[in-house]
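Given the sequences, and given the hints that come with them, work out the whole structure.
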Amino acid sequence: MKNVKNVKTVKTLIAVVVVMVLAASAAAALVYRRVTQPYRGFQGAEQFVDIPPGAGSRGIRERLVAGGVIRDATTFRIALWMSGEGRRLKAGEYRFDREMTPFDVIDKLARGDVYVVNVTFPEGLTVAEMSKIFESHGIGPAAAFVNAAGNAALIHELDPSTTYALPRHVEAAALVRQMVSRFERVFTPELHQAATARHLTVRQVVTLASIVEKETAKTEERPLVAGVYLNRLRVNMALQCDPTVIYALLKAGRYTGNLHREDLSLDSPYNTYRYPGLPPGPIASPGRASLDAVVHPADSDFLYFVSRNDGSHEFARTLEEHNRNVQKFQIQYFRDKRAAEAGTKRSGGSGTSGRSGR
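The numbering used here numbers the first residue of the sequence shown as 16 and each following residue consecutively.
Hints listed in this document are in silico derivations from the structure and should not be mistaken for laboratory results. Remember, it's a predicted structure, so these values are computed and weren't measured experimentally. The reader is advised that the hints may include incorrect statements.
Unchecked claim - Calculated pairs, EDC-like style, for lysine to aspartate or glutamate (alpha carbon to alpha carbon, straight line, at most 20 Å):
id, residue 1, residue 2
1, LYS147, GLU100
2, LYS233, ASP257
3, LYS123, GLU100
4, LYS123, GLU144
5, LYS266, ASP278
6, LYS233, ASP325
7, LYS343, GLU329
8, LYS123, GLU186
9, LYS105, GLU150
10, LYS123, ASP65
11, LYS266, ASP282
12, LYS105, GLU144
Claimed, not checked - Pair ranges (Cβ atoms, derived):
id, residue 1, residue 2, range
13, VAL132, LEU265, 36 to 46 Å
14, THR234, THR178, 50 to 60 Å
15, ASN338, PRO291, 18 to 28 Å
16, ASN338, SER196, 45 to 55 Å
17, HIS152, THR234, 43 to 53 Å
Think of the CB as a built atom: it goes at the ideal place given N, C-alpha and C, for glycine as much as any other residue.
Given below as structure tokens:
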């Protein structure tokens, strides 16, 4: 009888063990599925989760759960333990646009695959134009960029064209500091030395380079344009630069898209028709080619240039020669153009009109 009881006891223990093993196996299988399968509860086209610096694993888990990226904190904790990546998760804002397994999420955070907005500021832009790009990418309001760049314009006017990988909500001041820092790397010791040899400060180089940037888009012409303005400065001749007047009108909120004769009398320190020498600061963000042109200008005695209306310019040494060029490339050119347009209209066609630059 005793043996029968012992057999029953053993069978009971075996049954309990089997049940426990099966339960453990089922639990393990459930956990395995959860850590290896994408979370089906992911909602929406995209979710952003911000992991602040110094956030512990608990804080990270809570933010991922709140963002709907993972099912629950426990599953993620197990996956994190299994991965061995607990100390390698990086701070930053992360974008999730699909269902992911906990291991996929851990890998993303361990690699520091943070979400950035690529913003390019082309050469030759004013601060106001840059601010519109800043705002159009959803980073922040244009006014914030203008305010942050207010003093930078008097330092170096930011930097040549480049693309910045930015967080969605970067502070405008931080971006401006980054741009100024990059400019300081672009303005090499060689440029410093060449500027010093010409008795020019960094600010003067950048200011004149910004004028060159606005005057011509042709790289091969930039040393010639820079040479004209340096020659004028040397003989105390007014720069008489149209882009500086346009910049002054923009600052005053008066620019209509065309430059008129009466605009040349605008009372602004940026108006180089009215005030001698360089303007107080740059009128745009110059590129490296324009910076090089100022410190390595063409060796010429040109004092004038006028647009040929094809993107290039005609240069002159004397006012008499310049006036002939103006007659040919401006007065006669537009007279002929208007006559051609009038003839087209009389014949039933349609014409176009335009105003040349400098």
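Now for the hints, and whether the structure bears them out:
no. : hint                        : in the structure
1   : LYS147 - GLU100             : violated, 41 Å
2   : LYS233 - ASP257             : holds, 17 Å
3   : LYS123 - GLU100             : holds, 11 Å
4   : LYS123 - GLU144             : violated, 35 Å
5   : LYS266 - ASP278             : holds, 13 Å
6   : LYS233 - ASP325             : holds, 11 Å
7   : LYS343 - GLU329             : holds, 10 Å
8   : LYS123 - GLU186             : violated, 25 Å
9   : LYS105 - GLU150             : violated, 28 Å
10  : LYS123 - ASP65              : holds, 13 Å
11  : LYS266 - ASP282             : holds, 12 Å
12  : LYS105 - GLU144             : violated, 34 Å
13  : VAL132 - LEU265: 36 to 46 Å : violated, 26 Å
14  : THR234 - THR178: 50 to 60 Å : violated, 20 Å
15  : ASN338 - PRO291: 18 to 28 Å : holds, 22 Å
16  : ASN338 - SER196: 45 to 55 Å : holds, 47 Å
17  : HIS152 - THR234: 43 to 53 Å : violated, 28 Å
Violation of the numbered hints given earlier is confined to hints 1, 4, 8, 9, 12, 13, 14, 17; the remaining hints are satisfied by the structure.
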